[in-house]
Amino acid sequence: MEKTVNQKAWFLVLPVFLIVAFSAILPMMTVVNYSVQDTFGNNQFFWNGVGWFKELLDPSTDLGGRFLASVGRNLLFSAIILAIEVPLGIVVALSMPRQGWQVAACLVILALPLLIPWNVVGTIWQIFGRPDIGLLGYVLNRIGFNYNYVANELDAWFTIILMDVWHWTSLVALLCYAGLKSIPDAYYQAAQIDGASRWAVFKAIQLPKMNRVLLIAVLLRFMDSFMIYTEPFVVTGGGPGNSTTFISIELVKIALGQFDLGKAAALSLVYNLIILIVCWVFYTVMTNAGTERPAKKEGAA
Amino acid sequence: MARIDLVDLAHSYSGNDAPAESFALKPVTMTWRQGGAYALLGPSGCGKTTLLNLISGIVTPSRGKILFDGTDITQATTQKRNIAQVFQFPVIYDTMTVGENLAFPLKNRGVAAPEITARVRQIADLLDLTPYLNRKATRLTADAKQKISLGRGLVRSDVAAVLFDEPLTVIDPELKWQLRSKLKALHRELDLTMIYVTHDQTEALTFADTVVVMHDGRVVQSGTPAELFDKPAHTFVGYFIGSPGMNIVPAEVSGREARIGGHTIALKRTYDGLKAAKIEIGVRPEFVDIVAPAPGLLSATIERIDDLGRVRFARVRVGDAKLAARVPPGFLPSGDTAGLVFNPANVHVYADSLLVEGAA
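Here the protein sequences line up with chains H and R, keeping their order.
Residue numbers for the first sequence, in the working numbering: 1 to 301.
Residue numbers for the second sequence, in the working numbering: 302 to 661.
Think of the hints as simulated: they come from the structure by calculation, not from any bench.
Heads up, the beta-carbon is just placed ideally off N, CA and C, and yes, glycines get one too.
A hint or two may mislead.
To be verified - Taking CB as the label site, the calculated pair distances span:
no., chain 1, residue 1, chain 2, residue 2, range
1, R, Ser482, H, Ala79, 53 to 61 angstroms
2, H, Pro184, R, Ser482, 23 to 31 angstroms
3, H, Pro184, R, Thr361, 16 to 24 angstroms
4, R, Ala377, H, Ser95, 24 to 32 angstroms
5, H, Ile109, R, Asn317, 28 to 36 angstroms
What the hints assert, rightly or not - Okay, the calculated bits of chain R under chain H, using three or more residues with CB under 8 angstroms as the criterion:
no., stretch
6, 387–396
7, 400–412
Just need the whole structure built from these sequences, with the hints factored in.
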């Protein structure tokens, strides 16, 4: 069988290569270049090898200490908001109406927080939480809670977590709702015939059918929350102290505040790598969950 | 295990106030005997699935009552009715193994574990699912999945009835035969009332001892396959059952004869004083022979001859009416015209589409 060779196809692929090169590969390589050098300004650079990376992973140095502490805070933040938003999103999706005008109303209301620009979300909560003029802060203080997100670490965390839940639970809920809508009626009818309880229906039908969209929701929410910058920066500016300084905030401080391009470049590469690895692990674990065992048995049988 | 009575049962999806003609199921009163094998036969959209869902309780009727062994269960939930139903497309629970799938209906009803195991094993044996019991159900083929659905329908021993909603649609023709005979065998073995919905007459006639034919939301006839074939109560039954369907020709009927376009056909019984807007005679192609044209015979134009292997049918035209007729073995029509010979015992008279029983 003869295959016709047509080199013209390269003309179709070439633009993509160029776009990817200029938008991703070249900037990335610049960062790699910075990460192995040091600069004292004036556009003068000195070779530093893997020095920044070593420092970054050594908690006894200033850079390493700050980086690892912010990674810890970021992981804790992501874990908390995932633990709240995923179950809450499922509950919201389950309690949404299935037909009628209420569906459209619910969808619009749910979509609203997603449409607000991030720094506006931050500003809204910054004001909302203020003890003197903010509704939330004022009411909390009036009913006896000593709430002040500027001074108290726990209050600051409480505020940004609440903000993230308010901002992003809709996304999880909408994804789950789409998953639920795709379940044919026959499944519910069969479950009814089989005498399944509400909980059994959820466990045997709804949850497995939402598997895929939940995977997407967890991935999206993890990546977003791990890269979060604008909202906590607007609300707390990383404080009080360094208690809400997440990796991205730390990165901006180093890169733009101190103009340590080498350190910042090394940090962003490691940051990027962490996100890639965690996503890959998530994806592998969640797509293989439940399929691995029967695959092995099939081999034996 | 129950006798099921439907009393004036009717349903409309747009509420009770909808005009009577728009009802998906028009009022029906009938009895399903305990242990019977029934088929609900009719074209798509004739209301058979509606009737099935009314019996299982997925749909609550607009009017009428449903009795199980004399107890009114019209408003009872599906769970309370104790009905099993198998749907057109396989429904399996993805996260469970085949065995867990089969056990699910029993588990939900709090049956004791040893009994569940025994029952699941028995049903898996009957459906040849035993080798798969510990496998995840998701990775099986469509027909294995449908077998699991069937199994879940059959696994409870105490059900009032098992309802099948065109369960073999997704199955290969080869396996269809096997599964159908399997169902028939299961019916004998388990002594369950089974109601089987289908639009395929072969499926209905081979599965059921009683076939219920539906048309346009009405039950038009229920009877044994032989009754449906020999004496269709409605022109629709005649047309729908049999291949090719019954010949239905407008005619004038008086006394013991029918007239088609000036030609007289003898009838077995006497029909006097028929008053209806539409009088037709119906006769199955098997009971009309074409012969060489001769005086005294109804003459017809041959359009084509279908050779079905075992038997040949001629498609002929009499005036505006199209008929099918048997070509006797060895007969070779010469030219386009032929005579038609009717077997009087099998010529039925229909007034406004309903069978008229003549006087002897």
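Structure-based check of all given hints:
no. : hint                                    : verdict
1   : R:Ser482 - H:Ala79: 53 to 61 angstroms  : holds, 57 angstroms
2   : H:Pro184 - R:Ser482: 23 to 31 angstroms : holds, 29 angstroms
3   : H:Pro184 - R:Thr361: 16 to 24 angstroms : holds, 21 angstroms
4   : R:Ala377 - H:Ser95: 24 to 32 angstroms  : holds, 27 angstroms
5   : H:Ile109 - R:Asn317: 28 to 36 angstroms : holds, 35 angstroms
6   : 387–396                                 : holds (count 7)
7   : 400–412                                 : holds (count 4)
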